[in-house]
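Peer 1: Kindly produce the complete structure, drawing on both the sequences and the hints.
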Amino acid sequence: MDKKTAILPCNGLDKCAGCVSREIAIKLQEEKNAEIICPVLFRVADARYNKVASENELIVIDGCNTRCATKLASEKNLKVSRKINVTEASKQYGIEIQSKLQIGENEKKLIDMILEDILKKDDSNGENSSILFPKVLDYEIYKKDKFIFRLPKEGFYFNENDVWVYVQGNLARIGVTDYVQQSLSDIMFFTPPIVGSEVEQFDEVGAIESGKAVFEVISPVSGKVIRVNEALLSNPEYINENPFEKGWIAEIELKDFESDKMLLLEFDEYFEKMKRKVDEFHV
Amino acid sequence: MSKVVVIPCSGMGKVYGLLAREAANKVVNELKKDEAETKCLAYIVTGDDEIRDYMNGKKCITIDGCPKMCAAKNAREAGAEVVEELKSTDFAKQMRAMKPGTATYLNEEGWQVVDAIAEKITTIIDEMEGK
Chain S
1 MDKKTAILPC NGLDKCAGCV SREIAIKLQE EKNAEIICPV LFRVADARYN KVASENELIV
61 IDGCNTRCAT KLASEKNLKV SRKINVTEAS KQYGIEIQSK LQIGENEKKL IDMILEDILK
121 KDDSNGENSS ILFPKVLDYE IYKKDKFIFR LPKEGFYFNE NDVWVYVQGN LARIGVTDYV
181 QQSLSDIMFF TPPIVGSEVE QFDEVGAIES GKAVFEVISP VSGKVIRVNE ALLSNPEYIN
241 ENPFEKGWIA EIELKDFESD KMLLLEFDEY FEKMKRKVDE FHV
Chain L
1 MSKVVVIPCS GMGKVYGLLA REAANKVVNE LKKDEAETKC LAYIVTGDDE IRDYMNGKKC
61 ITIDGCPKMC AAKNAREAGA EVVEELKSTD FAKQMRAMKP GTATYLNEEG WQVVDAIAEK
121 ITTIIDEMEG K
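Chains as they are written, first to last, in the numbering used here: chain S, 1 to 283; chain L, 1 to 131.
Keep in mind the hints are simulated off the structure, nothing from the lab.
Since this is a predicted model, take the numbers as computed values, not measurements.
Please note: incorrect hints may appear among the correct ones.
On the chain S side, residues computed to face chain L include the following (Cβ under 10 Å) [unchecked claim]: (1) G12; (2) L13; (3) D14; (4) K15; (5) G18; (6) E23; (7) K27; (8) E30; (9) V40; (10) R43; (11) V44; (12) T66; (13) L101; (14) M274.
Think of the CB as a built atom: it goes at the ideal place given N, C-alpha and C, for glycine as much as any other residue.
Peer 2: Below you can see the structure in the form of structure tokens.
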């Protein structure tokens, strides 16, 4: 870490994820001379930390989904370079953490993996961070004659334009759903969004084209495009093969996901909606 | 009687915060599992309605790691009845434990301080229950 790093952990005590959050912060302090910001003291007497928090690269670590640390950073208008949520990371890495308030073997493993990821990103000399996408997805399947509709059960949000988003911290990966790729049939062209461009929620963020039609990808989130799936330029059929995995479209650095989320659908709602759509239009 | 809430300071990166934290953990996980619990101080200070409602009127024992007394002040601010304000530094001084470890690891001296704080909290809880 060439630039000095500040860490704002949740420091939660009543959940194991909070204890993990603290351990990560302390290890970063020891190994990388990062400066820890005490979330309690920062809230009640912020003069102590204002300079540290605003002038350094800030990593925010939340233990649970109450996201106290993230909310605190937002209240103080801090620019966050990286957000980590221990509960979400445990799901992504497939490591179950216990309910006891102690660091056991699983928790140690999770701490090591998160640290490794932070340090790996750090070694990339300022390149944009990449999202930690789950290696295996658990799908719900709906079949209607030849139409097979798959949808990942956890961690994804959807917009009404059949575009999905997977969020991790302040990063998101987007793509189209099974419904789009099946409706379009064989996808032949992929027009990527421009890396570095700023998009608002529901702006166009690339397009895909088959013999049947052109489909504009409508962004489910607002932010900056930091990466596109370049493999699709030569292999747009990846979207047909698996639109949730190798057929992803782009990665976006989020601007305000909490606000964007209000206009997105979660699994249950979107799956029910699509079942009805498939029943009505694909008979 | 509802559980006593033991709230340690959230002091990050300092050994006295760790002493407070470990003592609270020892009480709620081992010594007084059925009579005591802990809540996250970082959450309490957010002023969130849910935690304030929970804390309102609750009997609390706080353990702070420095004179700022964040745990005691904020527990009281959230509406809790703080029956005892402890300071891990006082225990360290009394026991002449001048080098109890680091922010990450407690040495033998540090664990002795933790035991002493936890024992004190246990005694307070026993007294509250009329034992």
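Peer 1: Next step is simple, just say for each hint if it's right about the structure.
Peer 2: A quick look at each hint next to the structure:
1. Below 10 Å, beta-carbon pairs count as interface contacts, and G12(S) has one with chain L at about 4 Å; its hint therefore holds.
2. The interface hint given for L13(S) holds, since its Cβ lies 5 Å from the closest Cβ of chain L, which is under the 10 Å cut-off.
3. For D14(S), the interface hint holds, the least distance from its beta-carbon to any beta-carbon of chain L being 5 Å, beneath 10 Å.
4. Taking 10 Å as the C-beta contact cut-off toward chain L, the hint placing K15(S) at the interface holds, the least distance being around 7 Å.
5. Interface hint status for G18(S): upheld, as the beta-carbon distance to the closest one in chain L is roughly 6 Å, under 10 Å.
6. The interface hint given for E23(S) holds, since its Cβ lies 8 Å from the closest Cβ of chain L, which is under the 10 Å cut-off.
7. Contact between K27(S) and chain L, as hinted, is supported at the beta carbon level, the nearest pair being about 8 Å apart and thus within 10 Å.
8. Using the Cβ-Cβ criterion of 10 Å, the hint placing E30(S) at the interface with chain L is satisfied: the shortest such distance is roughly 7 Å.
9. Interface hint at V40(S): satisfied, since its Cβ lies 4 Å from the closest Cβ of chain L, which is below the 10 Å cut-off.
10. The closest approach between the C-beta of R43(S) and any C-beta of chain L is roughly 5 Å, which is under the 10 Å cut-off, so the hint is satisfied.
11. Against a cut-off of 10 Å between C-beta atoms, the interface hint on V44(S) holds, since the closest Cβ of chain L lies about 6 Å away.
12. Because the beta carbon of T66(S) sits about 6 Å from the nearest beta carbon in chain L, less than 10 Å, this interface hint is met.
13. Because the smallest distance between the Cβ of L101(S) and any Cβ of chain L comes to about 5 Å, under 10 Å, the interface hint for this residue holds.
14. A hinted interface residue such as M274(S) counts as satisfied when its beta carbon comes closer than 10 Å to some beta carbon of chain L; here the least separation is about 34 Å, so the hint is violated.
When the structure is compared with the earlier hints, a violation turns up for hint 14 alone.
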